[in-house]
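As given, the protein sequences belong to chains P and U, one line each in that order. Reminder that position 27 of the first sequence reads as 874 in my numbering, one-by-one numbering, no gaps. Reminder that position 51 of the second sequence reads as 54 in my numbering, one-by-one numbering, no gaps.
No lab work stands behind these hints: they were computed from the structure. Heads up, some of the hints might be wrong.
Take a look, some chain U residues computed to stay more than 10 Å from chain P by CB distance [stated by the list, open to error]:
id, residue
1, P11
2, S69
3, V116
Restraint ranges, calculated between C-beta atoms of paired labels, are given here [said to hold, decoys possible]:
id, chain 1, residue 1, chain 2, residue 2, range
4, U, G17, P, Q878, 22 to 30 Å
5, U, Q55, P, P855, 37 to 45 Å
6, P, E940, U, P57, 30 to 38 Å
7, P, H922, U, R67, 22 to 30 Å
8, P, D942, U, S99, 27 to 35 Å
9, P, D900, U, G17, 32 to 40 Å
10, U, G6, P, S929, 13 to 21 Å
11, P, N869, U, T41, 16 to 24 Å
12, U, P87, P, P855, 25 to 33 Å
13, U, E66, P, K850, 21 to 29 Å
14, U, R67, P, E856, 43 to 51 Å
Yeah, the Cβ is synthetic: ideal placement off N, Cα and C, and Gly gets one too.
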Amino acid sequence: QQKVQQSPESLSVPEGGMASFNCTSSDRNFQYFWWYRQHSGEGPKALMSIFSDGDKKEGRFTAHLNKASLHVSLHIRDSQPSDSALYFCAASEPDMGYKLTFGTGTSLLVDP
Amino acid sequence: NAGVIQTPRHKVTGKGQEATLWCEPISGHSAVFWYRQTIVQGLEFLTYFRNQAPIDDSGMPKERFSAQMPNQSHSTLKIQSTQPQDSAVYLCASSSGTGNAEQFFGPGTRLTVL
């Protein structure tokens, strides 16, 4: 069973629009959540991490965590064609050395 | 800062041959992680080192796969008797090793087993 479920599988938004991604964990040992982005031919690159309930905003990116439901989301406002990539949520726990357990990923296409 | 360096970027092997993948972590980083990425399984943890010591290899297939970190500047992932199902992108990441530090990924090595 996948410990980190991610949706949707793919997403298409117009340039300037809002892109939203969702992630739910089935393991309450996870305490830290990350969002990573991967462009074709490159390794994943961290966008932001969140571990407290509520919202965290960094520029055009806003992450939200609900610890009770183990649900985390990412929203990108004013999406740009350069945002087209694979987006992964990842979870980690201190007792497991912070190794990352990744979700299945969402493919984002921003139409110019 | 050159980031995490992985070599080779692409490797093609025949079934039954050995493949060795190399990773140079970011200077000063004490934690090195290996992950594998496939279309079917997604991104999976394989193993990680802290201060060159192996800490967790729970994601490594028990046979044919081994990883080492002989010094702080490089780690290797070796696959013996490669099989077609080993075809994947192998990713190395490093972090400062303190708490929930960001993991910086290399570009990966695409392994194709014919």
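Here is what the structure says about each hint:
No Cβ of chain P comes within 10 Å of the Cβ of U/P11; the nearest lies about 14 Å off, and the non-interface call holds. Even its closest Cβ contact with chain P, about 18 Å, leaves U/S69 beyond 10 Å, as expected for a residue assigned away from the interface. Residue-level check passed: U/V116 sits 20 Å from the nearest beta carbon of chain P, beyond 10 Å. At roughly 44 Å, the beta carbons of U/G17 and P/Q878 sit outside the given window of 22 to 30 Å.
U/Q55 and P/P855 have their C-beta atoms about 41 Å apart, which keeps the hinted 37 to 45 Å range intact. About 19 Å separates the C-beta atoms of P/E940 and U/P57, a value inconsistent with the hinted range of 30 to 38 Å. Separation of P/H922 from U/R67 is about 43 Å and departs from the stated range, judged on CB atoms against 22 to 30 Å. A hinted range of 27 to 35 Å for the beta carbons of P/D942 and U/S99 is inconsistent with their spacing of about 19 Å.
Distance hint check for P/D900 and U/G17: the Cβ-Cβ separation is about 52 Å, which falls outside the suggested range of 32 to 40 Å. A hinted range of 13 to 21 Å for the beta carbons of U/G6 and P/S929 is consistent with their spacing of about 19 Å. Between P/N869 and U/T41 the CB atoms are about 23 Å apart, so this pair conforms to the stated range of 16 to 24 Å. The beta-carbon spacing between U/P87 and P/P855, approximately 31 Å, falls within the hinted interval of 25 to 33 Å.
Our hint of 21 to 29 Å for U/E66 and P/K850 holds, since their Cβ atoms are close to 25 Å apart. Under the hint 43 to 51 Å, the C-beta atoms of U/R67 and P/E856, about 32 Å apart, miss the expected range.
Hint compliance for this structure: hints 4, 6, 7, 8, 9 and 14 are broken, all remaining hints hold.
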